[in-house]
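Enquirer: What follows is the residue order along each chain.
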Amino acid sequence: MVSEDKLREEVSELLQEGKIKYFIGFENGGPGCLARPAFIQQPEAVGRLIWSPGCVHNLTRFLQDEKRRRAREKNPDLRPVGLIVKGCDSRAINVLLQEKYIERKDVYLIGVSCELMGVIDEAKITRRLYPAKPLQVKFGAKDTILVSTDQGESEIAASEVLADRCLECPANFPLVADVVFGEKINKPNPQPYKSIASFEAKSLEERWAFWQDQFSRCLRCYACRSVCPMCYCDECVADSIAYAVSADTTAEEKAQKVKWVERNPEPQENIFYHLVRATHLAGRCVDCGECERVCPVGLPLRLLNKKLEKEAKALFGYEVGFDANLPPLISCFRDNDPQDFIR
Amino acid sequence: MAEEFEPKIMAFICKWCTSAGADLAGVSRLEYPSNVIPIQVMCSGSVSPLYVFSAFSQGADGVLVSGCHPGDCHYMKGNYYARRRLALVKKLLEYIGLEPERFQMSWVSATEGVKFTQIIKDLVKELQPLGPQTKLRRN
Amino acid sequence: MTKMDKILPKSSFSRWLKSLSSMKVFFPKKEASGWTLTEVAADGTIPPDYSYAVVPPKKLIFPQEEIFFEFQQTADDGLQLRETLPEVPPQVIVGVRPCDGRAVAALDQVFSGSFEDPYYWRRRRATILIGLACNTPPSNNCFCLSLEGSPSSEEGLDLLLTDLGDRYYVRVLTEKGGELIKTQSSLFSDPTEEEKNLRNKISQEGAQKIKRNLEAARELPPKLKTMFDSPFWDEAALSCLRCGICTYLCPTCHCFDINDETRALAPLKGRRVRTWDTCQFPDFTMHSSGHNPRPNRASRLRQRLLHKFLYFVELYDRFQCVGCGRCLDLCPVGIDIIEVLSKARNHGA
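Chains as they are written, first to last, in this note's numbering: chain A, 17 to 359; chain B, 51 to 189; chain C, -7 to 341.
This is chain A alone, in the form it adopts within the complex:
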């Protein structure tokens, strides 16, 4: 069991001793029974921190803000930022380390083990308990989850309401951390790409009809990009005419900027954006599932991004986020990389 009190103690000590600048954890107050990110700057505030099955967010995303903050300040505070990482989040850290986006000393990682084999999918709990509305979740005894609803308490088996991505997770225990809470419990993962495999079995035209329909619903709100820890580019291809302009940018430079994709949400433009994002995530996406969770129109983005994770493994033997010393997927090659598709 992960002790919330011990967690708070640890964070309080770190803050008191000035070892970290601030701490990013979870607190109550998310919509429904989800937690939400909490920024703790004073030791007195650690009482807000919780660890529950509703702690679904990938807090490594906030390292982007920290990095931009440092870039803006004249004399930035270079102490590490403390944050909680689950197994998936720790793989994200490894990817950021691989790409030298952050250095190991920039973060103090408090790892937590997913002893329940994952975190919850709020939609699954809501459907399960309808018409009662879930308000909070806690760990129960024996692989169960305790849900407080507006119509009383409920105890359900965790396996029924775990997030889909957790069911295919290869690492329910943090791979990199300064201290870890919770026991390491082995999680069998017999079918890591089950959802992809069943989709691949469809015919070409079935697949196209599916994606065409999905992408007609995309609003181009870019929430998937905004929530992704790996989408940290200051200037994104999708907005390539807008960003990264300064007082020194000449008129010629502005006129020469290539507009790769239009802003309109027609399906072909939406597909372009999503294809580009999926390609940019090849070998980097750790399937934290946040993009799919936050999408307001429910696009099956995991089905897209995870395909390249599968191919990275199948074609190149590359596993994402397990080794911070590996070069990024597309910055390396093997002499015997497959080329049967090349004439």
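Honestly, the hints are just simulated from the structure, not real lab data. Heads up, none of these hints are tricks.
Simulated pairs of lysine-lysine, BS3-like, Cα-Cα distance not exceeding 30 Å:
#, chain 1, residue 1, chain 2, residue 2
1, A, K326, A, K200
2, A, K140, C, K203
3, B, K175, A, K218
Keeping the supplied structure of chain A fixed, place chains B and C upon it in accordance with the hints.
Expert: Quick look at chains B and C alone, frame taken from chain A:
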């Protein structure tokens, strides 16, 4: 009788090998279909997936990326990176339902003028029955 | 025109909707990700578990993409413009929650005044809104009562249905709404005293079930006016991802971007397109000089809240928030607008 569909093929060809091979085909008076719009790049490794997606978005019926054989790259390693990167692009495009014949890669050296013409001929033959590419083409 | 009340048995509901099939009918449909308003052959009544449409009705009146005109270079090097005002067949939206009705009324004000936006008004005039009163709050985060709305508010709607169990209580609010009844008047009857009382009871109970409350909302505008430079916003915006969901899914938000899309260069050919935009994107206020007056999330969060709770009040004497709860339900990091505003109201006190 409807006119035979002539696919428009964007070909990103590397300057040092494939482009030279295409020139050789020209100088040797070898005939091949005129469906190709060649874009010379310095190295197949410099071909970004963005170029491929953009070509389809703007109506290309087929896209070819062609470079030096592994080991012969003018920049040593460029074609190795291309091989890896574009393998992923090919898998992704097929996954979303684009016909696999539409995006292809080849290794063509500076002396392989005949191979180049054969690739183009084969490509046109494979693309003709598929018709115009409308899936990714923007309105 | 005088309002008119009628009763429609649920057993006749399908027939009534079928009679409207000469128009486009948008009906609540449940998808994996939530409810949508889709053109489906409406079969049966509005499902009892219907909450609200995640993408609000604004999408059907102020769509994500609007083509303004097309341009083409002519043979003599001139430029020809072809106006593309939307040809909008009459459309009926069924199941509009009263808050969304009020939101449309707010949008009406924005797109009128000294300039009437022709694209907006073509769609608006072709649209008939059939509201559905909230017997229970669609969301745990509803707070319409705090903002001068209610679960049975009538503003912006053409008809308001209240579910009485096996019947709908139908209140006709506009002539457009009245026309929809006239064609099938045999299906409708006049309400009895009992039915009128039942409707009032249900409306009252619906209002009592609303859990969340933004106290003293009218105190916010003058207070917010003093807080432009306050460090309060930095703390409140710490976890904001600038994702745009709050504004895209907000039924009153209406900011847009206009872009020229070139299709061909020689001869030049293209079109001018309006799309949704959001003040939450970093480059929303980016100037071509590189200066950005809202360069951080604090200033952008401040902008969103001040627009809704100060500037709009100064312009139109109403809040630009209807308390629908979508931003609260959908924010990826749980930023709670009620919480932030309550803290703002008490800030420095």
